[in-house]
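A.B. asks: The primary structure of each chain is shown beneath.
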Amino acid sequence: MAHVKLVGVMKKYEDKQGGVVAVNDFNLDIDDKEFIILVGPSGCGKTTTLRMVAGLEEITEGEIFIDGKLVNDVQPKDRDIAMVFQNYALYPHMTVFENMAFGLKLRKTPKEEINKQVHEAAKILEIEHLLDRRPKALSGGQRQRVALGRAIVRHPKVFLMDEPLSNLDAKLRVQMRIEISKLHKRLQTTIVYVTHDQTEAMTMGTRIVVMKDGIIQQVDSPQALYDRPVNMFVAGFIGSPQMNFVNVVLEKDGEDVYMLYDKNRIRLVPDKAAAIANTDYIGKEVTMGIRPENFLIEDEDLENFSDAIITANVEVVENLGSEALVYLKSGDTYFTARVKPGVKLIPDEEIKVALDTNKVHIFDKETEAVIVQ
Amino acid sequence: MSLKALRTYACQVAEIAGTDFGVINETGIVLVCSNKDEEGNDRAAAVEAMSVSECSYCRFGDVSYYKVPVSGKTDLFIFLRSKNQSSKKILELAAINIQNIMLSRDEKLDKAGFLNAILADKIPADDVFALAKKLQLDPSAKWIVFLIKTKKEAISGTGEMIRNLFPDRNRNIISEHEGNTVLVRQVRAKENAGNFEENAKSIVDTLNTELMVNAKVSIGAVANDFGEIKRSFAEAKTAQRIGSIFENEKTVVNYEKLGLGRLIYDLPASSSKLFVREVFKKNDLESLGNETLITIQKLFENNLNISETARLLYIHRNTLIYRLEKIKKATGLDLREFDDAVAFKTALLVKRNLDKDDALNNNI
Ligand SMILES: Nc1ncnc2c1ncn2[C@@H]1O[C@H](COP(=O)(O)OP(=O)(O)OP(=O)(O)O)[C@@H](O)[C@H]1O
Ligand SMILES: [Mg+2]
Chain A
1 MAHVKLVGVM
11 KKYEDKQGGV
21 VAVNDFNLDI
31 DDKEFIILVG
41 PSGCGKTTTL
51 RMVAGLEEIT
61 EGEIFIDGKL
71 VNDVQPKDRD
81 IAMVFQNYAL
91 YPHMTVFENM
101 AFGLKLRKTP
111 KEEINKQVHE
121 AAKILEIEHL
131 LDRRPKALSG
141 GQRQRVALGR
151 AIVRHPKVFL
161 MDEPLSNLDA
171 KLRVQMRIEI
181 SKLHKRLQTT
191 IVYVTHDQTE
201 AMTMGTRIVV
211 MKDGIIQQVD
221 SPQALYDRPV
231 NMFVAGFIGS
241 PQMNFVNVVL
251 EKDGEDVYML
261 YDKNRIRLVP
271 DKAAAIANTD
281 YIGKEVTMGI
291 RPENFLIEDE
301 DLENFSDAII
311 TANVEVVENL
321 GSEALVYLKS
331 GDTYFTARVK
341 PGVKLIPDEE
351 IKVALDTNKV
361 HIFDKETEAV
371 IVQ
Chain B
374 MSLKALRTYA
384 CQVAEIAGTD
394 FGVINETGIV
404 LVCSNKDEEG
414 NDRAAAVEAM
424 SVSECSYCRF
434 GDVSYYKVPV
444 SGKTDLFIFL
454 RSKNQSSKKI
464 LELAAINIQN
474 IMLSRDEKLD
484 KAGFLNAILA
494 DKIPADDVFA
504 LAKKLQLDPS
514 AKWIVFLIKT
524 KKEAISGTGE
534 MIRNLFPDRN
544 RNIISEHEGN
554 TVLVRQVRAK
564 ENAGNFEENA
574 KSIVDTLNTE
584 LMVNAKVSIG
594 AVANDFGEIK
604 RSFAEAKTAQ
614 RIGSIFENEK
624 TVVNYEKLGL
634 GRLIYDLPAS
644 SSKLFVREVF
654 KKNDLESLGN
664 ETLITIQKLF
674 ENNLNISETA
684 RLLYIHRNTL
694 IYRLEKIKKA
704 TGLDLREFDD
714 AVAFKTALLV
724 KRNLDKDDAL
734 NNNI
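Listed in order, the protein sequences are those of chains A and B.
Mapping the first sequence onto our numbering, position 76 (from 1) lands on 76, and the numbers just tick up by one.
Count along the second sequence from 1, then add 373; that gives the number in our numbering.
None of the hints are false.
List of simulated lysine-lysine pairs, DSSO-like, C-alpha gap at most 30 Å:
1. Lys212(A) x Lys171(A)
2. Lys671(B) x Lys623(B)
3. Lys77(A) x Lys524(B)
4. Lys377(B) x Lys105(A)
5. Lys525(B) x Lys12(A)
6. Lys702(B) x Lys12(A)
7. Lys111(A) x Lys136(A)
8. Lys515(B) x Lys610(B)
9. Lys33(A) x Lys182(A)
10. Lys12(A) x Lys654(B)
11. Lys522(B) x Lys12(A)
12. Lys701(B) x Lys623(B)
13. Lys525(B) x Lys69(A)
14. Lys284(A) x Lys699(B)
15. Lys440(B) x Lys409(B)
16. Lys729(B) x Lys671(B)
17. Lys574(B) x Lys630(B)
18. Lys108(A) x Lys525(B)
19. Lys574(B) x Lys105(A)
20. Lys212(A) x Lys671(B)
21. Lys524(B) x Lys105(A)
22. Lys525(B) x Lys105(A)
23. Lys506(B) x Lys136(A)
24. Lys729(B) x Lys646(B)
25. Lys212(A) x Lys702(B)
No lab work stands behind these hints, which were simulated from the structure alone.
This is chain B alone, in the form it adopts within the complex (with noise of 0.2 Å):
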């Protein structure tokens, strides 16, 4: 909080207890006093011995000094010119006051603090509501989880940058978790998936061209209320996991539209190999060719549809056929035929899914 609020407070303490009032750094340096000719006097004696005794309150001559502790920062000391009985009680009721003031001008880190508490479970649910309100979160409107992977050196300028982009505190928090920046943003009416995945994207694009730095972001289903952000953010997390398996070209991923890699996903490892050794037979995959992988790419982007597959890749209709027959040859499979597509496209999936698991045993 400013000098200046700290002052305004200071005289308002001094004025109802009747004698001066102020604010002492841990070095022992007066911040601010009621009475101006104190401010930037030297008081280290009185900390110092506080400090050493481990008191929260003493008397020093007709001045009552108390300790006032403040979370993640250093300590600071509160003053009265009284030696009364009372003096300790007014200061214990002002270092409950500052260290109020402390908590809520510092919102920033209050705000990402309290999402970093709700991922970590570190909040009972009952309490979730409450707190959100206090922070000036609306906890019954609907919010969405956007989780933002960068390279580590990034983290920080990633951060920044989200936060010009979000601006509003209120409706955007913004922490770091498990190495990943978190974006958890009050959804607006009206707005839909698309909305969220040109977010998404242009995240993406601004941290690329202003800060130069490679993303990938994964959006998690609307949560209903601030009690299911915990949710939100679990989904975001596998569509990362997901989308890095199944499609690692996409720099956005989105949890409602993982497709068939969520229900792959979950399969066991054993009937997967069954069924990817009765699809392809011996055939490597390799074999195909990079230019045939792309081709068949293409057409179930396109939905078997081979005069626009053909139109996009630019080559003749023909040439297309040529490469499906020789597909057709090698696997036994016509991917022009709906039940041969299906295989082939699950199989594929499935396999990726293989070399994933086999990729992280590895790396054990």
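Isolated chain A, as found in the complex (with noise of 0.2 Å):
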């Protein structure tokens, strides 16, 4: 059982200029054995949240409980947690074995015991062909895994890794990621784990954390965060290439809205008018969001959404072999699309694309929060 819990946790780090809150009023639970991930650009306060909850930086406000228990004033080493980092070294002059062993003769863990935990953990990463190696003669794959060895035998309640990853080739990190998703399911534990690349995000956590200026933007499943981002920052942040956002204006025909901007004018759908007809939205400026793989231009979606038509000039065919990325320039804006492979379109030429107003996004302009989604 290891249940985390962070409780309106405040981080200031105190200087003469007023400081720099890099993290503010952040509430999170995290369930036993979750796999959770906390993502953001650069600064954002990922690795100082994970610090917090580590104990290796001390919290300005607010609590943290690890499985029930307040650990603000409890050291690293009591709090039954262990770290995974970017910049992790192996003692060279120890084998594997040793390596893994190290930390558990530091607290004179009894021999039997190192010796049971060192394989079991071996076994799980599938090294126990590796244990009389020096760390020399592993690939960079294999030492990461070593790495991790050392946080397992130590069978903590939480892991904590911040990037454990990022000083991997881009091959290895594919492969690395999938490795942690299986160990997580091995082992059944709660794992934090940060990283600032949304489709790692994306491909390892059950549940994500989304934080921009030290704030949680938004909690929820990848597939939620797609779907139903609660601002324009999740919309823009998560997915690749990013949602397409345009400003316009709503205007109310009967039952109906339009969006306007430039020459195009696109209705909404039944659904999404209904939640926006009668509020004081109407006939003022919004941001529609549009994710690349919600431009049609095949005929037949031309015809059934007959109502949402725009008309853009192709700048640019990218093609992906899988997919083709097509940079359309309509009216002042430029939008990417994501269409099939093949599709026959000449740079320059003016075509027509529909718009999916299933998924169309409509974010509050000044407040970026979404209003219609």
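These two chains come separately, so use the hints to put the complex back together.
C.D. replies: Put into structure tokens, the structure is as follows:
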């Protein structure tokens, strides 16, 4: 059982210039055995949050509980956690076995116990055959596993990982992502994982915490973040290529609501229209968001969404094999569309594009919060 | 040194002297002897008598005794079964030998002690090379100093951990000096600042994750030979201090990359104050707010590139421009202009430096 709870946690790095609030009003319940990911742009406070859970950083305000126990004043080594960070180093003169055993030896764990733990961890990581090797004779991925092994043998209640894969090359990183996900299933423990890479977050986590400027923006499953972002920041951060944004004016015509920009007029689907028809937003400018795959160019789609068609100029077509990215310019706005590969589009050609209006998002232009999704 | 090595030595002496030779500890128990039956026997009476009389040599019956002072440890005593005049000479020679063996065997203590003596300026420059060679350190190689700061309670654990990360004793000297852990590492061919910073980062992360303590590491410039180690150490110390003022969020500070901080650190307070007032006028930086200060920091980190900064902060270009307009209104400085940006950045650093001085004065 390891349930982690953060209540009203705030961190301020003091200096005379007022100090930097790195994390603010952070509230989060992490379930036992959950794989939760903290993600967000550089400087948003991910590392600071993780280090507060670890006890390496003092908490300015708020409370942190591990398994129901308040740990604000508990030393890191007494918190029953294990950490894996980006710049791990193995002990060069020790074998893999000794590297993994070292932490336990420091804590005066009996020999048989150490033996058992190391072999168990090695089995889980599939490095039993490497136990007698020295770090020099290991590949990058194998070394990474040993580093994980050092954490596993501690049998912690919670694993805290801060960008543990950033120093690996792209291919190995993809491989180790899968490994860590598998590891989570085998170990059945809570993992808090920090990354700035939204792809990593989306592929690994069961739940994702999106942060910006020290503040939680949204906590949700990967799919929910993608489908129902609560604001423009989350909408733009999750997904690649990014969601497209354009400012539109809302116009009401009987039961219908239209979005106008440039010379284009797009009708909202009835349920979205109903959600906004009787609000102050009518007649005002809002921001519409639409993901690249929700631009449609097949004849059949143009028929189906005949009242949601825009004209755009094809700027560039990038064929990626499994899909093609089309960069469009519509009025003053640039869009990226994702379409089937092999479509015949010629640069500088003016085309008609339909918007899948079931999938558009509407945001408040000032607060950037979602109005209709 | 091990008893086995000591026993081998005792047998060698006994063979040359043609009679029994042994070593006694400070309580009078025979530790080793060329005649094995003697080992474990009690010769406390002789030892006590010598301690009381403060003699280093004496004779009881047909046995001659000699006292061997061992620096930093309790004394040892040696004996020879002989009442000959020459026995004193043999014991004197044996004593010197044992002292030397003890010193060179206890290398760890010795290298660390040597390093500390250099840092404390207790070794004449002319002797440094010779002593280094004696300790099997290559004095004409290049060396580099890492200064590792952890909380006090963690120092001994830190030393042990660093030793395990850098196990080659002839290429890595580790000691504790003025509350820091010092690592002096021989530079390998083709190594550069990037390697040193990687070293430093893995030291920090390993201390974080294995020992579970916080650490900061500062790095001096490369010492071209052993004689420059003291300079490299002083540089690492300066980097630590300047880093704590200008880049407190960084866990690794390199003396060779101190940037403007190096200059500003030495500026006199009076002109610094005038400069800050000139740039910021009456404005409080605090009034700009946290978000804006972070925005400015990121803008500087990205060479005033608006698009790139906006992208990294995940804000719209226009939002960023709006924030910059707000700063312009408050300070009269347009951070998109090179000159204004330079003035702002410099004033920010100068102010940090002044604040640090204030804080220090307040502490006294
Ligand atoms: N020791 C410190 N002193 C002062 N400010 C700090 C310190 N550590 C972090 N900060 C600041 O706190 C904010 C959050 O930093 P943090 O390291 O948590 O970000 P992050 O989300 O992990 O970013 P990255 O993706 O770059 O690792 C940043 O503005 C940073 O400059
Ligand atoms: Mg970080």
